[in-house]
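Just need the whole structure built from these sequences, with the hints factored in.
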Amino acid sequence: GAGVSQSPSNKVTEKGKDVELRCDPISGHTALYWYRQRLGQGLEFLIYFQGNSAPDKSGLPSDRFSAERTGESVSTLTIQRTQQEDSAVYLCASSFGRANYGYTFGSGTRLTVV
Amino acid sequence: GEDVEQSLFLSVREGDSSVINCTYTDSSSTYLYWYKQEPGAGLQLLTYIFSNMDMKQDQRLTVLLNKKDKHLSLRIADTQTGDSAIYFCAETIISGGSYIPTFGRGTSLIVHP
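Same order as they appear, the protein sequences are chains A and B. Residue 1 is where the first sequence starts when you use our numbering, and the numbers rise one by one after that. Residue 1 is where the second sequence starts when you use our numbering, and the numbers rise one by one after that.
Just so you know, these hints were derived from the structure itself, not from any lab. Glycine residues also receive a C-beta, built at the ideal position from the N, C-alpha and C atoms. This list has only true hints and no planted wrong ones.
Some but not every residue of chain A turned toward chain B, in silico, with C-beta under 10 angstroms:
1. Val4
2. Gln37
3. Gly59
4. Ala93
5. Ser95
6. Gly102
7. Ser107
8. Gly108
Every beta carbon over 10 angstroms from chain B, so not counted as near; a handful from chain A, in silico:
9. Asn52
10. Phe65
11. Glu85
Structure representation (C-alpha cells):
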C-alpha cells in the first residue's frame with residue numbers, strides 16, 4: 001500500500017481481555033517496528049522484525065505481549081489479559097532494509113483498557 | 001545517560017525562528033532524525049542527518065550536529081501555526097547488526113499569533 005496501515009484505529013477493551021493489533025507495512029519494506037506511546041511520553045520500543053524473524057524482542061514489557069509477522073508483510077501484536085497500564089497508542093513503523101533514510105509510521109492504534 | 005533528551009515545551013511567535021534541541025547518547029550513532037507528530041497522527045519524518053555531516057538544510061528546516069557534545073538541533077525558519085506539533089529527535093544505534101531507532105520524549109512546539 002501507499003503507507004503503513006494500522007487497525008483498528010481505536011480499541012476499547014475490558015481489563016483481562018485479549019486484544020490483537022494489526023499493522024500492514026509498506027509493500028517491500030523488510031523491517032517492521034512496534035512502539036508504544038503512553039500519554040505525554042516518548043516512544044517505547046517493543047519489538048523489531050527483519051523479514052519474518054524477530055531478532056530483538058527486548059522491549060516487550062511482559063510475557064503477556066507477543067508479536068508475529070507473516071509473509072514478510074502483515075504483523076500482529078497481541079496483548080493477553082490486558083491491564084489498565086497497557087492503555088497507550090501502539091505505533092507501527094516500517095523501513096526498507098536498514099532505514100538509512102528513515103522510517104514510515106502508521107497512525108497508530110489507541111488502546112484503552114477499562 | 002541512556003536516554004535521548006529533549007526539552008518538553010517551546011513557545012514561539014508566528015514568523016519567528018524556532019530552535020528545538022536534543023542530546024543523544026551513543027557516539028556510534030550513525031543516523032539522526034527529526035520527526036513531527038500532529039494530534040491524533042503518526043510520526044512524519046521531517047529530515048535526517050548522517051553523523052559524518054555537521055549541517056543539513058531543507059527549505060525552512062536546518063539541522064545542526066555537534067558530535068563532540070552529542071547535540072542535535074532543528075531550526076524552523078519563519079515558524080507558522082501549522083508547525084505546531086510535537087517534534088521527536090531519534091537516533092539509530094548500531095547494535096548487533098540491527099538498527100533500532102531510539103526516540104526522545106518529544107518537544108511540544110506551540111506557535112501563537
